[in-house]
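From first to last, the protein sequence lines stand for chains A and B. Residue numbering for the first sequence follows the numbering used here, beginning at 1 and increasing consecutively. Residue numbering for the second sequence follows the numbering used here, beginning at 1 and increasing consecutively.
Check each hint, because a few of them may be wrong.
Here are some chain A residues pointing at chain B (derived, C-beta under 7 angstroms) [unchecked claim]:
#1 Ala122
#2 Gly139
#3 Met140
#4 Lys143
#5 Ala147
#6 Arg149
#7 Ile151
#8 Glu263
#9 Trp370
#10 Pro372
#11 Leu379
#12 Ala382
#13 Leu441
No lab work stands behind these hints, which were simulated from the structure alone. Ideal Cβ placement from N, Cα and C applies to all residues, glycine included.
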Amino acid sequence: MSADALGGALLATAAVVAAAWAAGAAACAALVPRGRRAERIGWGFAAGTAILAAGTGAAYSAALGSPAIGPILLAAVAAGLGRRFALGDDPVGTLRGPGGRLAAVTAALAAVALYGLIVYAARALAEPLWPNDYFAIWGMKAKTFFAERAIPLRLFTWPSFEFSNPGYPLGLPLLYAGIASILGRWEDHALALLFPCWLAATLAVLYGWLRRRGAPPTVAAAAGAAVACFAPLYAAPLTGMAEAPLAFALLLLGTALADAMDETDPGARRRLALAAAVAAGTKNEGLFVAGIAALLLAAAAFVGRDRAAARRAALALIVPAVACALLHRLAVGSHPVRGIDLAYLKRPDLGDRLAEALRATWTVHLRSSWLPIAACLVLLLAGRSVAHGNRLLLLGGLGAATYLFLPALCPYGPLWLVTWTQGRNFASLAPLLAAAVAARLAALPRGGAAPLSATAGVVT
Amino acid sequence: MIARRAAALAAYTLLLVTLLRFAPPAELGARAALLGRGFALPHAERRAEGRGTEYDRAFFRFLLEARDLLPLDARGVALYAPDIPEWGGLYLAVYELAPIPVALAPRRLPEGWVALAYGPARPSGLRLVRELSGGAILAP
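Using the sequences and the hints given, assemble the complete structure.
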């Protein structure tokens with residue numbers, strides 16, 4: 001077997017990812033109540049990848065001889081904290097599965113979700129990571145960090161590296177570099193293993209959260225099946241880039257936001273803090289959606305029913321998101337976002353540009369997909385208003401509305417942003433919006449019984 | 001409520017069928033076969049045969065050859081490849097040569113840098129360091 005054989009690289013990378021996942025799961029004892037296995041798996045991946053990225057960044061900052069020491073130390077600390085602040089059983093209690101015919105439907109939907117996961121794994125792993133933005137942005141930075149055991153400032157200050165978007169968060173490059181540091185070599189084919197793991201973690205959090213918030217297994221599995229097969233997001237040309245991790249982070253953010261506002265359990269605000277850090281560290285859009293969540297919490301703190309809960313949640317959200325953004329600026333300076341110029345807000349032709357942006361959105365993204373989009377709207381309208389679902393809907397809806405508007409501010413013309421980034425941004429909202437729609441559908445009364453989400457204890 | 005449930009069921013069925021059309025078993029088979037073939041190939045071959053290099057596979061082989069033959073004291077590389085598009089082309093070069101800094105066709109070479117020229121055209125004022133298949137390494 002040659003030194004760079006794929007089998008060995010996959011096994012070694014899988015071992016590193018599994019170890020990080022296990023460390024994250026240990027830390028999650030303090031985040032997710034005991035007994036919520038699916039959510040612990042999903043949040044464990046979030047915590048594990050965050051440990052790898054943050055530990056690697058810390059090791060570079062401290063100029064440690066071996067950057068792998070950073071994640072290992074941080075994992076030990078996180079596991080210790082998990083043990084020290086471990087949560088008890090979930091107040092919701094035991095969740096029962098479906099019986100009879102519904103069990104077969106749920107199993108079939110779970111099989112579809114598994115099929116979607118396998119297809120995505122095959123897409124991701126078929127060849128070394130190859131999308132242009134992986135080469136130009138995420139991979140180039142990560143490979144340089146790994147080779148130089150540092151975050152060289154030239155990547156962020158030299159005009160010739162402007163194409164690499166110096167203002168983008170460094171979470172993903174640090175994660176890639178962290179894995180390479182532990183392996184001791186750069187493996188840009190085996191790194192693709194992370195991507196089906198992101199989908200698996202997304203499905204685990206989606207299913208677990210819906211079940212905990214009262215959705216029947218069939219509805220939760222249906223949401224999972226649709227998300228797992230969502231090719232515009234889980235596609236080969238996006239593998240290696242930040243969209244799948246961002247979609248995961250936004251789902252974490254939305255579900256934790258709803259839980260923190262309702263104070264469902266003592267770990268809700270801790271989850272919100274982790275989700276805010278992961279979202280802000282993954283992509284600028286993550287920081288932006290965290291900002292929308294902060295505005296929602298600010299509104300709830302002034303006019304909501306439980307103002308104290310909203311204030312506590314706002315603190316849990318804002319501190320890590322702002323800390324993430326500040327650390328980035330301290331480390332590599334402040335950089336304008338390419339493709340967006342706020343000066344266009346003052347231009348007299350803003351209305352025309354917005355109309356052009358909407359026309360382009362229709363032509364490029366919506367016209368060919370009107371039927372599934374209409375189906376999503378029917379699903380949304382068929383559901384029933386329920387607070388936790390509406391919060392996710394509001395968060396995702398405001399994000400989508402902003403993505404509709406942003407091309408009007410693009411200096412290269414609205415069509416440029418619509419063509420190159422808007423579709424990806426819409427797609428990364430899919431798991432969050434799927435959770436919102438499923439939560440609303442789960443609130444429909446069943447056969448004259450009370451709405452499922454209203455049942456506090458055992459749900460079927 | 002029954003109408004809502006029926007509408008939701010119909011809409012979900014339509015949605016799932018549409019989504020599944022974009023994940024056909026044939027795609028799974030083709031990608032699995034590609035992955036299976038990859039187990040027998042070294043990394044460079046997997047990259048060379050993949051999507052990332054399909055615009056000009058000879059350019060990728062040129063890059064690999066150049067990377068191995070660059071002077072050890074080269075502080076950076078100026079890349080002159082006028083026929084290669086930035087998108088999916090030159091950025092692959094920047095990535096493959098990392099951590100060596102790469103500038104795309106600068107007017108002047110910074111001190112300690114060398115030039116990589118792909119194709120028959122050569123930037124003026126530079127001396128030939130080494131001829132490569134499809135291009136050359138040059139220096140001031």
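Going through the earlier hints one by one, which of them does the structure break, listed in rising order? Hints 6, 7, 8 and 9 contradicted; others consistent.
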